[in-house]
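Peer 1: Sequence:
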Amino acid sequence: MEDYQKRMKELAITLMHLILKSLDISEEERSRVVSAGGASTALQLNSYPFCPDPNRAMGLAPHTDTSLLTILHQSTVNGLQIFKDGVGWVLVSPTNGSLVVNVGDLLHILSNSKFPNVLHRVVLMKENQQRLSLAYFYCLPSDFHLSPLALNSTQMPLYRSVSVRDYIGIKAKNLEKALSLIRF
1 MEDYQKRMKE LAITLMHLIL KSLDISEEER SRVVSAGGAS TALQLNSYPF
51 CPDPNRAMGL APHTDTSLLT ILHQSTVNGL QIFKDGVGWV LVSPTNGSLV
101 VNVGDLLHIL SNSKFPNVLH RVVLMKENQQ RLSLAYFYCL PSDFHLSPLA
151 LNSTQMPLYR SVSVRDYIGI KAKNLEKALS LIRF
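Numbered per the numbering used here, the sequence shown spans residues 1 to 184.
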């Protein structure tokens, strides 16, 4: 498990450097964000039993992740869905040997909404198999002060500066309304 966590952290750091570089963030600023006093990480095993009547139960209610990035390894059983504007809920079918990467609220804020967070849920399936997933959450330290980085002379920040700790507190109290509460 330690080796898996180490590899996921390396992948998350690489992805964050590439994402921030795509936003024309300076190397100095990228390094400040990515190596900000040691990232906070978590590894979570999710287990969803099969359900004979999936219309009567929900595996995981719709939400966005608070993290910068979430890297998800799915078993072969369907259930993960993302919400796509104008379309609705779309199934993210597991593909052998692949990972799903979700953008979380913190990256949404840092990118000034250029990288939108992903509303997702897990629905239970009628298949006679348990659904398992392994989620790796990559987050900034709680004392990191968060504000949009991806700005040029014509852009105004969409979000006010807030510490990660304060944002987590706002989200704990207000759930999916949290971003609107720190928006200008």
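Source of the hints: derived by calculation from the structure; they are not laboratory data. One or more of the hints may lead you astray.
Under the rule of at most 27 Å between Cα atoms (straight-line distance), these lysine-lysine pairs were calculated in the DSS-like manner [to be verified]:
id, residue 1, residue 2
1, K177, K126
2, K114, K126
3, K171, K84
4, K177, K6
5, K21, K84
6, K177, K84
7, K84, K114
8, K173, K114
9, K114, K177
10, K21, K6
11, K84, K173
12, K173, K126
13, K9, K126
14, K114, K21
Peer 1: Work down the list of hints and note, for each, if the structure agrees.
Peer 2: Outcome of the hint check:
1. K177 / K126: violated (32 Å)
2. K114 / K126: violated (37 Å)
3. K171 / K84: holds (22 Å)
4. K177 / K6: Violated, at roughly 33 Å.
5. K21 / K84: Given that 27 Å is the threshold and the Cα spacing comes to 26 Å, the pair holds.
6. K177 / K84: Roughly 18 Å separates the two Cα atoms, so the pair holds.
7. K84 / K114: Holds, at roughly 16 Å.
8. K173 / K114: holds (25 Å)
9. K114 / K177: Holds - the C-alpha atoms of K177 and K114 are around 19 Å apart, at most 27 Å.
10. K21 / K6: Holds, because 23 Å separates the two Cα atoms, which is no more than 27 Å.
11. K84 / K173: Status holds; Cα separation ~26 Å.
12. K173 / K126: Violated: K173 and K126 sit about 34 Å apart, past 27 Å.
13. K9 / K126: violated (34 Å)
14. K114 / K21: holds (13 Å)
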